[in-house]
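If you're matching them up, the sequences are chains A and B in order. So the first sequence is numbered by our numbering: it starts at 7 and just counts up by one. So the second sequence is numbered by our numbering: it starts at 7 and just counts up by one.
Watch out, some of these pointers could steer you wrong.
Stated by the list, open to error - DSBU-like, lysine-lysine: derived pairs with alpha carbons at most 30 angstroms apart:
(1) A:Lys-122 x B:Lys-106
(2) B:Lys-193 x A:Lys-29
(3) B:Lys-29 x A:Lys-106
(4) B:Lys-106 x A:Lys-106
(5) B:Lys-122 x B:Lys-106
(6) A:Lys-29 x A:Lys-193
Since the hints were derived computationally from the structure, they do not count as laboratory data.
Protein chains: 2
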Amino acid sequence: MRILYYHCLSPFARKARVVLNEKGLHFETVVVRDWERPEEFLALNPAGEVPVLVDDDYVICGATAICEYVDESYPAPPLLSHDPVQRAEVRRLVDWFDHKFFQEVTVPTAGEKLTKRVLTRDAPDSRLIRAGRVNIHTHLQYIAWLSERRRWLAGESLSLADLTAAAHLSLVDYAGDVPWEEHELAKDWYARVKSRPSFRCLLAETVPGVPAPRHYADLDF
Amino acid sequence: MRILYYHCLSPFARKARVVLNEKGLHFETVVVRDWERPEEFLALNPAGEVPVLVDDDYVICGATAICEYVDESYPAPPLLSHDPVQRAEVRRLVDWFDHKFFQEVTVPTAGEKLTKRVLTRDAPDSRLIRAGRVNIHTHLQYIAWLSERRRWLAGESLSLADLTAAAHLSLVDYAGDVPWEEHELAKDWYARVKSRPSFRCLLAETVPGVPAPRHYADLDF
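Starting from the given sequences, assemble the full structure and let the hints guide the process.
Following this line, the structure appears as structure tokens:
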């Protein structure tokens, strides 16, 4: 019995879900409104945040722990490579998107337009959204730069770096804040991730109360 | 030839340094004022942040990538355990201190009192410092709770979880904001980490322009 505690507003939970799909693992998805701090959920994860994976008797908390655990326990296909230096490159980029991109883009765009709306019903801060929309260009240029030199972001194979970047971008794309038309190479890379069967569950999903923009689930966006 | 690009104001760089010491590796430490974005350093790490490890020809960027790489490449003593579930517990706690503790405590205390002073000479924001001083109690209680149940934070052996927590605490302690006298169990645990030879380099160091409080380097604080 395998359960992923999940919410679509968390890019970290999105990543964990896609990773489980890439590994071909069967699991049940339980949606948790973690910001309401439900007691049964806090008992699982004292940090009070999705994602949490329950794999039989084991409780694995947090996207980093889940992704590394899944790759160690279910090695095929490898999402972190077998070579220590290559693994370091994957982890460098995972960190880039989970922290740098998250702070500079995901939080000011999707955080303001989606998370704030669902959690507080407060109006989004338009200055923050503008800042996020400026910041995203550097990141899309970096994706383009990487994908001109390598087949996937961290090297010749799809890795956790691609899934992490795409998980964040999927949320920002839902907020309508990815200027794909100005970044053809980044768009080509995202189209390749987006069209993977592992990603379908994200594209089929709706943030409560916020309809998805028309291009969001379109594989020929 | 092994070089660690480092600054004592970064708890992540502190952690990487202690991990290299725990592994008994020889390395040179190069201090980088990364906030000035020196060009040669940006060429090594486009994220522009310490720590960076250069191990012969390999460039490993970021504390997570460095610590995992070092543990994979130099397995003794293991800092992440060999069991996937136990490794997940180590990584859960690493994440707790690197993100939750960092945001809730390190940034509002040491960030205001040390980093801001060195970087901008602006006055620290006393409301933030007060918030950090309130937040730290929960974390010290959690350390106590864990160390009542286990010899070290993640289990029976010293792990990356202990070194991560202690790296952050060392910086907050330098700012004089750890109320050790109210948290005896957390203090006992910290005394055990602090007295390890791997930790000495941190205790011997001074933040430029800010003298260390008297108890900072004292093993019987």
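We went through each hint and held it up to the structure:
no., hint, result
1, A:Lys-122 x B:Lys-106, "holds, 20 angstroms"
2, B:Lys-193 x A:Lys-29, "violated, 43 angstroms"
3, B:Lys-29 x A:Lys-106, "holds, 29 angstroms"
4, B:Lys-106 x A:Lys-106, "holds, 16 angstroms"
5, B:Lys-122 x B:Lys-106, "holds, 20 angstroms"
6, A:Lys-29 x A:Lys-193, "holds, 25 angstroms"
Of the numbered hints listed earlier, the single one contradicted by the structure is hint 2.
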